[in-house]
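Enquirer: Going down the list, the sequences are from chains A and B.
Residue numbering for the first sequence follows my numbering, starting at 1 and increasing by one per position.
Residue numbering for the second sequence follows my numbering, starting at 1 and increasing by one per position.
A hint or two may mislead.
Here are the simulated lysine-lysine pairs, DSS-like style, with alpha carbons at most 25 Å apart [stated by the list, open to error]:
| no. | chain 1 | residue 1 | chain 2 | residue 2 |
| --- | --- | --- | --- | --- |
| 1 | A | K72 | A | K19 |
| 2 | B | K114 | A | K19 |
| 3 | A | K48 | A | K90 |
| 4 | A | K56 | A | K90 |
| 5 | A | K72 | A | K56 |
| 6 | B | K52 | A | K14 |
| 7 | A | K126 | A | K72 |
| 8 | B | K52 | A | K126 |
| 9 | A | K37 | A | K79 |
Residues from chain A that keep clear of chain B, each with C-beta distances beyond 10 Å, as calculated [as the list claims (entries may be wrong)]:
| no. | residue |
| --- | --- |
| 10 | V12 |
| 11 | S32 |
| 12 | I38 |
| 13 | E75 |
None of these hints come from the bench; they were simulated from the model.
The structure presented is a predicted model; accordingly, all values stated were derived computationally and were not measured.
From the three backbone atoms N, C-alpha and C, an ideal C-beta is built for every residue, glycine too.
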Amino acid sequence: MVQNFKKLKAGVNKVFAQKSDYLFVIILLLISVFAYKIHNRNLTREIKKYKIIIFKNDNDVKELSFQKPPLKPVEVQGKIGRVVVEWNEKGAFRVVSSGCPGQICVNSGWIRYGSVICVPNGVVVKAITDKEEFDAISQ
Amino acid sequence: MRFHSNNETPNGNSSNDISSVRKYTLIAVLASAAAALQIIESPLPRLVPWLKPGLANVMTLYAIIRLSPFSGFAVAIVRTFIAGIFLGTFLSPVYLISLSGALSSTLAMSILKKVFPLSGLGPVSIIGALASNWAQLTAVEFLFSGNMSLWLHLAVMIWVAIPSGLIVAGITGELLRRT
Numbered sequence: 001m002v003q004n005f006k007k008l009k010a011g012v013n014k015v016f017a018q019k020s021d022y023l024f025v026i027i028l029l030l031i032s033v034f035a036y037k038i039h040n041r042n043l044t045r046e047i048k049k050y051k052i053i054i055f056k057n058d059n060d061v062k063e064l065s066f067q068k069p070p071l072k073p074v075e076v077q078g079k080i081g082r083v084v085v086e087w088n089e090k091g092a093f094r095v096v097s098s099g100c101p102g103q104i105c106v107n108s109g110w111i112r113y114g115s116v117i118c119v120p121n122g123v124v125v126k127a128i129t130d131k132e133e134f135d136a137i138s139q
Numbered sequence: 001m002r003f004h005s006n007n008e009t010p011n012g013n014s015s016n017d018i019s020s021v022r023k024y025t026l027i028a029v030l031a032s033a034a035a036a037l038q039i040i041e042s043p044l045p046r047l048v049p050w051l052k053p054g055l056a057n058v059m060t061l062y063a064i065i066r067l068s069p070f071s072g073f074a075v076a077i078v079r080t081f082i083a084g085i086f087l088g089t090f091l092s093p094v095y096l097i098s099l100s101g102a103l104s105s106t107l108a109m110s111i112l113k114k115v116f117p118l119s120g121l122g123p124v125s126i127i128g129a130l131a132s133n134w135a136q137l138t139a140v141e142f143l144f145s146g147n148m149s150l151w152l153h154l155a156v157m158i159w160v161a162i163p164s165g166l167i168v169a170g171i172t173g174e175l176l177r178r179t
């Protein structure tokens, strides 16, 4: 027992004195791998639901909510025309056609995270994720 | 050259004085050597700002093991001071970052050596490298309010700290064997 202790004591000034030292390095490497996995998991967002919000005027706001991307295109009546929204199989969405002069919403193309807005029609199409974050806060 | 922290001489009274003088001289020598290492190391090219072996840590680790954790802190503080003056970064953010790294690595290494006295130099030095990296990152966040992913940095940091810690441990082991 005493001899064993002396042997251990003699090895203290080596880089690796005991088996547990190797274990320590291996545990650190494992922690590194787990930290990378946690980092990756924090990056990916999951879409919880989709919303179509229609602003007719200040008092009349309608909201359509979908848990899953609808299979058929959804057509809604906006302020000045009809807006057709469609989803693809990956969960991205776009405005197919809109009765507005600028066609900015149609030209936005496919959107996965975020929203497409048609201002003249007062229509907002939005994907709600599990981690809602603010871009910036202005006071 | 041979240093002993506990010098045993026949007359008991003066031995204490001699050993304390020896101790402080050794601290001074170690601190100046560490400062020289840090100054030499600073202009070397490196891929990422924090990817450097941190050879000055050799002297801190040596002081912790041969003398005491307190001496380790003395070496760390004096060496950042001297290196800061010679590199022209004294009291600048760079100096504060370097000081925080040196102090926290000394603290981590002394705690690990205290809790696991039989562990080898490798883990102690790796923990020191990790702590210094972590403290420097925290200081950067605090001073420049950066926005970094801590998990990603932990993952990368470990892969940097292990080789640099093993280099430092190897050199310290050789130094301890020879003196």
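Enquirer: Evaluate each hint against the coordinates.
Expert: Now for the hints, and whether the structure bears them out:
1. K72(A) - K19(A): violated, 63 Å
2. K114(B) - K19(A): holds, 19 Å
3. K48(A) - K90(A): holds, 14 Å
4. K56(A) - K90(A): violated, 30 Å
5. K72(A) - K56(A): holds, 24 Å
6. K52(B) - K14(A): holds, 22 Å
7. K126(A) - K72(A): holds, 17 Å
8. K52(B) - K126(A): violated, 47 Å
9. K37(A) - K79(A): violated, 47 Å
10. V12: Not fine: 6 Å to the nearest Cβ puts V12(A) too close to chain B.
11. S32: The claim is violated: S32(A) sits with its nearest Cβ about 4 Å from chain B, within 10 Å.
12. I38: For I38(A), whose nearest Cβ neighbour in chain B is about 5 Å away, the distance does not exceed 10 Å, so it is violated.
13. E75: holds, 42 Å
Violation of the numbered hints given earlier is confined to hints 1, 4, 8, 9, 10, 11, 12; the remaining hints are satisfied by the structure.
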